[in-house]
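2 protein chains.
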Amino acid sequence: MARLKLIVAYDGADFAGWQSQRHGNTIQDQLERAFAAICGETVRVHGAGRTDAGVHALGQCAHADVTRPRIAPERWIGALNRHLPPAIRILRCTRVRPSFHARYSARAKTYRYVLWNGAVLPPFEHKRAWHVAEALDFGAMSGVLKRFEGEHDFAAFSANRGKPAESTVRSITVARLRRAGPRIIFEFTGSGFLYKMVRLIVGLLVQIGRGAVEGDEVRQRLSNSGARTTRTRLVAPAAGLILVRVRY
Amino acid sequence: MARLKLIVAYDGADFAGWQSQRHGNTIQDQLERAFAAICGETVRVHGAGRTDAGVHALGQCAHADVTRPRIAPERWIGALNRHLPPAIRILRCTRVRPSFHARYSARAKTYRYVLWNGAVLPPFEHKRAWHVAEALDFGAMSGVLKRFEGEHDFAAFSANRGKPAESTVRSITVARLRRAGPRIIFEFTGSGFLYKMVRLIVGLLVQIGRGAVEGDEVRQRLSNSGARTTRTRLVAPAAGLILVRVRY
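Each protein sequence line maps, in turn, to chains P and G. Numbering-wise (this note's numbering), the first sequence opens with residue 1 and increments by one. Numbering-wise (this note's numbering), the second sequence opens with residue 1001 and increments by one.
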């Protein structure tokens, strides 16, 4: 038995997210099907994070146990890629200690969110960026961005998945924002993220950029110690979100 | 009657090329359908160049005559985009003199060709770059590139379309090549291009980069005054080709 650590990139546009579904075309399903085709047996693949339908990855991380320890880890890259659709690619494969767990051993994740702030969304950006045509106050957005850094109760930035008992306190170590032509690129690094947290943060930032919400709303939502906001929350669409890397 | 000049961008992956076909899903068909939906009558769209199936455009140019001259040109952008799939976008629309012709008035075109020279093709590059996994001698390719500049008989770099009487002399004003990580990006500007000319030039450059063909082959094929080469020619796949701009 050998435990493999995989770095996986995918264009999430045509998949029903990471997590295996009974009738769903998910990334995890595709990976497990590729392993089954190679190994002739069921191999369970564990991901670092469950990305939603339409969300992309440049460096998702996963682990899997295989019963052929003598196959060199690098050889799995080509073998798996031959059985995967071109929208999913194994970039790296290494052998790791049996105690390594893609999800529980993760120390930090970095997400990127890409927004296209121009009149027309170019064809190459379709399903890869959020198209916001109206003018955004970049200064207003960058002015409040740093408030997300540090440890906060992000309850106001999470979508309820029926686990109210779980802590909603998370820590963001780096929150960044830059402009590259009509592109506005957000980047968040943290120890962990709640469900839809990045998309809700970006949604609020865009509301602030539009001038529809005051910048002070960030402080209020973060200090509201767990109580959900009653104001309408904007969830940035999945297409703009990219899981960039997972650190261990 | 007003003549409109359109700048069109498209992701060519899912289209059967530019030119209208009886049962084809082409860019021209899509544009003419959008005009028909808006105008309630047939509007013929003339493109600067007929890109093949799978070829992309950042700045294809087209013209069309409309019978509603009082609609401001800018308003056509939104109107057409509402009737087009997201993979085709009108970027600009201006009114031009009736003698302007997208194809015949064109003075120069710039094509880009993107090659991914790495072990694994990332999902975001799928259908947008040519994946060449093996090592390429960048120096050998850039060393011969400038030989394509100037006026030459490009017969050895054209695919016969049954018009043998037509001149195969063309002029390339700029031939460029650069590396950006695993990406190798070729750029060619010229007054006109023969059918598959860019893809045959890139095909030969890759054969030279692989060491399969001597660099001197470029000179031989260009000096062979119209005679076709008997050696196997490599046509770079359509997916890596982008029509960047048309100058008038």
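In case anyone wonders, no lab produced these hints; they're calculated from the structure. Some hints here could point you the wrong way.
To be verified - Selected chain G positions facing chain P (in silico; Cβ < 10 Å):
1. Tyr1010
2. Ala1057
3. Pro1069
4. Gly1078
5. Val1096
6. Pro1098
7. Leu1121
8. Arg1233
9. Val1235
10. Pro1237
Glycine is no exception: its CB is placed at the ideal position from the N, C-alpha and C atoms.
Taking the hints in turn, this is what the structure says about them:
{"no.": "1", "hint": "Tyr1010", "verdict": "holds (5 Å)"}
{"no.": "2", "hint": "Ala1057", "verdict": "holds (9 Å)"}
{"no.": "3", "hint": "Pro1069", "verdict": "violated (23 Å)"}
{"no.": "4", "hint": "Gly1078", "verdict": "holds (8 Å)"}
{"no.": "5", "hint": "Val1096", "verdict": "violated (20 Å)"}
{"no.": "6", "hint": "Pro1098", "verdict": "violated (27 Å)"}
{"no.": "7", "hint": "Leu1121", "verdict": "holds (7 Å)"}
{"no.": "8", "hint": "Arg1233", "verdict": "violated (26 Å)"}
{"no.": "9", "hint": "Val1235", "verdict": "violated (20 Å)"}
{"no.": "10", "hint": "Pro1237", "verdict": "violated (13 Å)"}
In this structure, the hints that do not hold are numbers 3, 5, 6, 8, 9 and 10, in rising order.
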